[in-house]
Amino acid sequence: MNLIQALIDATSTGAVYALAALGIGLVFGVMRLANFANGELITAAGYALVLLWPVSWPLAIIAAIVVSVALALFMDVAVFRWIRSQPPATLLIASFGLSILLQRVFDGIFGTNVISAAVAPGLAASIRIGDLRINLISIVSIALAAVLLLLIRFFLTRTPMGLQVQAASEDFRAARVLGIRAGVVIALTFAISGVLAAAIAFVLTTQSGGVGPTFGVQVTLFALIGSTIGGLGRLGGSVVGGFVVGFAISIFTTWLPSWINDFRIAFVYLLVAVVLVIAPNGLFAGRAVKERA
Amino acid sequence: MKQQQSERRGLTRFAVPEPVAKLWTLAAPVLVVWLVSLGASALSQTAAIDLGYALANLIIVVAMWTFIGNSGVLSFGHIAFVAVGAWTLSLLTIPSNIKAAIMPDLFPFLIDAQANPLVALVIAALVGGLLALLSGLALMRLNGLEAGIATFALLMLVVQVLTYFKQIGPKSGQSMTGLPRSFDLQSVLVIALVVIALAWCYGQSRSARLLRASRDSIQAAPASGITVTRHRLIAFTVSGALAGVGGGVWAQLNGVAQASQFSLDFTFTTIAMLVVGGMLSLWGAVVGALAISALSHLLGVLEKGLQFGDVMVSLPSGSRLIVLGAIMVLVLIFRPSGITGGREATWPFVAHIRRAPAAQTS
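Protein chains in written order, with my numbering: chain E, 1 to 293; chain V, 1 to 362.
Extracted from the complex, chain V is given alone in its bound form (with noise of 0.2 Å):
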């Protein structure tokens, strides 16, 4: 935040080939994300635990940026994916015998199947990805927000199935347990970058750029030869499997996965991060997933309560999701396009690419 404004008064800043701004736009954010996790694991315990769990949201929330940023088409499905990925990876990675033990009615090929995590973690987003692609040709048809109700219908509908279907999971309701844990922090870090950089490659492809095209008029680019329907379902696909592998990692460090905790309250938290980052750059999705997180760790520590001296002060539980919501209304009333205005990070460099004559030839 502090960058942005220091950019907006317009400090100093150095002119850089664009290459190499370009690259910045991808430096800065993985920079920002080890610093930031480089400070809270040093800072406490509980801060520890919630940095897990705010690094697997950024990477859900990269993950609906890669969609909903380029396409701006929304989706509250995403935690479908999600759900999808945690499911693959705690099949693919609980020992056998336990399997056998809480979930009878499994498949056979699926209690005998294992693998070692990472590799599970590759499934679990080839998992998410076939399932973007297939709902992406139903769904990617329809219009914008069409489209955006729609996904609600695809998140309940894979809900509803990992619920009851006994013979891909446990019994009506209940959770998985059992899932050794093999991700410690620094991995779970190393995977975000891995999948912010992954972000950052597609965000550049001429895919995207055609889909961003289309995104700022829906008119033009069609009437310039873009296939919309095709990219928004590359898009949907990409992004599906990122959400996979943004379900895996929560579930490691969830430990548990049970089908009712993939919920609209779960959507929302992650829709909220990438409305108040600003939904249009990964800048801002990853702004927006650190802030939020930050500021639920904050009101988490607030819930438990605080000794000020003689005064106890703590929040009512529940509290957390309050302030959330009204933070997320009032940046939609006063800055729709979010804190980051849905520009990527750009300072302290700025493109040297107008005094350029080479350029302007093109």
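Chain E extracted, bound-state conformation (with noise of 0.2 Å):
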């Protein structure tokens, strides 16, 4: 049953792909900021996690979600705060610039070369049914991803903090006229896309076991991508696209002939290509609210 041992490894590599896209996907509501820069918020997630593990597992899950909290909120505080009337363009060269920086200090912080350490190893393990032979890892985050999943959704459609969110996402300067309070919605937001982060460097870690400076870039890249042709400024959009994407690269990896395996990238990125000129404004773009007046 090559088939559906195929299909859960794509379904768990699409999870991970669609929480990085749901944390750039919450930013982007209520700031117009597509942040380039969530990928280093996962990279701090990973070293917290491979320097900390072998002391003690739950001390290296906290100090995760901690740093990479810690870092979302010092962008917003420290940059993105600063230029938030800014147009979305600029935004997105901010997040760029502050990433390009972010690598650079991890770089001369941890060097250049990968930080080796078994993160959760017990899930390394695979489990049996007949034929059938399924990482446990690729459960794993399937489970975190569904779990993550529903308690924002929870959180955005049952709490008052979260329609407040949500009223931000919709019409930020009528919500701000309302009495909302831009300043703690857009931290929220921040925060939420740290805490993603970790669960994704979590996920990443376990798979890789080494952490190197550039280690969040390439999901983070693919996450932004899929949140594009999903279509950006749609929550539910995002979080597809960014799945289809993660499980577009699993199937590719797994199917495409070893002659052009090398290709598979590019054959995502060439799909990419394809859904874009077939719907311009992403697969599930609702009213088009792209510019902040």
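Keep in mind that the hints were calculated from the coordinates and are not lab data.
Model, not experiment: these values are computed from the prediction.
Careful, some of the hints might be misleading.
To be verified - Label pairs and their computed distance ranges (CB to CB):
1. V177(E) <-> D265(V): 41 to 47 Å
2. G318(V) <-> I62(E): 26 to 32 Å
3. L3(E) <-> L130(V): 36 to 42 Å
4. Q307(V) <-> L256(E): 53 to 59 Å
5. I49(V) <-> P87(E): 34 to 40 Å
6. R181(V) <-> I260(E): 34 to 40 Å
7. V77(E) <-> F107(V): 50 to 56 Å
8. G122(E) <-> R181(V): 53 to 59 Å
9. A326(V) <-> L136(E): 39 to 45 Å
10. A100(V) <-> I62(E): 55 to 61 Å
11. A146(E) <-> D265(V): 35 to 41 Å
12. D265(V) <-> F74(E): 19 to 25 Å
We put the CB at the ideal spot given by N, CA and C, even for glycine.
Make the complex out of the two chains shown on their own, each in a separate frame, by following the hints.
In structure tokens, the structure reads:
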């Protein structure tokens, strides 16, 4: 049953990318910021995990969440708060600059080499059901993503703070006029994106066991592109777009014949191009409130 | 920068006819680039080497301005055209026997293809322009921010293909060596000045004006009958061709071409130049490229270490991009339109246009 196995792996990769897209989409909703530096939140959490896991695993998980949330809040306070009223393009450039800057900082602190440690070695095992061999980490990442997605959905639709975030995403100015505190709402979305980054870092470090300065770049790039093809500014669209891209990467890696397997990433980008030609505003684009007036 | 400050203080300015003032917006950047080159090549050996890279970056930044500045749409994908330009020039100028030795899987016609470096540069421009045209057909249908993010995909796609497609290059991830040095600093300078002139000429064209109208109001321009997509596509193609030239020059200076060099770091450096200078004007692109290159040279010297009496001062390597990133973020916070404010160079002249009654009748 090779097929089911491949589908489960693809679903787990897709789930991780969907989480990344969700973090980006939440911040984009209230800020119109496509946060490229989201990748460095993942990297920071990854460093916390590999450095502290040998010491104590609960400490490592707590540290990963604290570090990435703190870094996310710091980004907001140090950079994005000051340019909130700039057009989205300026915000994207700033986050790109911040991303490269932080990569060099990681480079300076931890060195260019990959730091390795066995994070959650228990999850490297696989379970057998008949012919089926399922990696435990695939199950864990699907479950983790499902739980986080449901939690965030519950938060957005059932709690007063979540409703404020939704209101601010709909119409930021009107929400402010109605007394929603902009700074708090924005900081909250940054913090959530930090928590999501820590979850992504957990899955990725368990899979790869090593963290380098550009650890989080690829998943962020794919998640950004995924949210674009899903439709920026639509949370559901972003999540589905991220999932589709992750799913496609995994499927291409498994099924492309070896002579063109090197081109699997290129095929993903080609797929993105095709989708964009068919649906320029994204697959799930709703009302076009792209630029805040 | 100095010129700009005096302009804002309203120092000595001469009223000249409007065409002269317009020509000055071309003459000023050309003069500044020429003077800076003269100074830098006289300064030191390392400054002369860095000057070459500065001019290559200048070409790339000016190429990016032709699209980003005129259309107002971001592009993080221009390094893809640079890579393609570098690839084209390398494949056309590396001697056939070396090509056959280091790239055994190359298409036969590519092994035989040879061209004089200047012809190769023109072909690099054509290939860059063609790639921009083809990818633009998909990308230009997108709106502002989506287009910007999708250009990342273009860059990654091109880098992946150049890395693994061994029929058009070396085996995965290896580099193309054996590039003969055919351009000296002088000819690189001339090429850079020609590129500035071409970009300026494009900027004066009807298409570019219509595009700038759409940049300033994406609602009003289509309502006035401007087909924004078509003019964006034209700008993207011109800009891709100029970026191809930049890539060719860069490969010539570097002597080695490798797919992994066309990375996000390269993209960042050039975007930072454009943003710091001010991305809405050609003058901004030129000033930004020169200022950041000068700073980069200084930081490079400091990274190697500088002797102050008994004390050796040196920066850790890699601090170049940290400083650059910090400067870009600071400029975005405190002066989002760049150090030139996105204006063209006008000082010391002012267009004599208001007082001419003939001009008002139109």
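Check each numbered hint from earlier against the structure, then list the numbers of those it violates in ascending order. none
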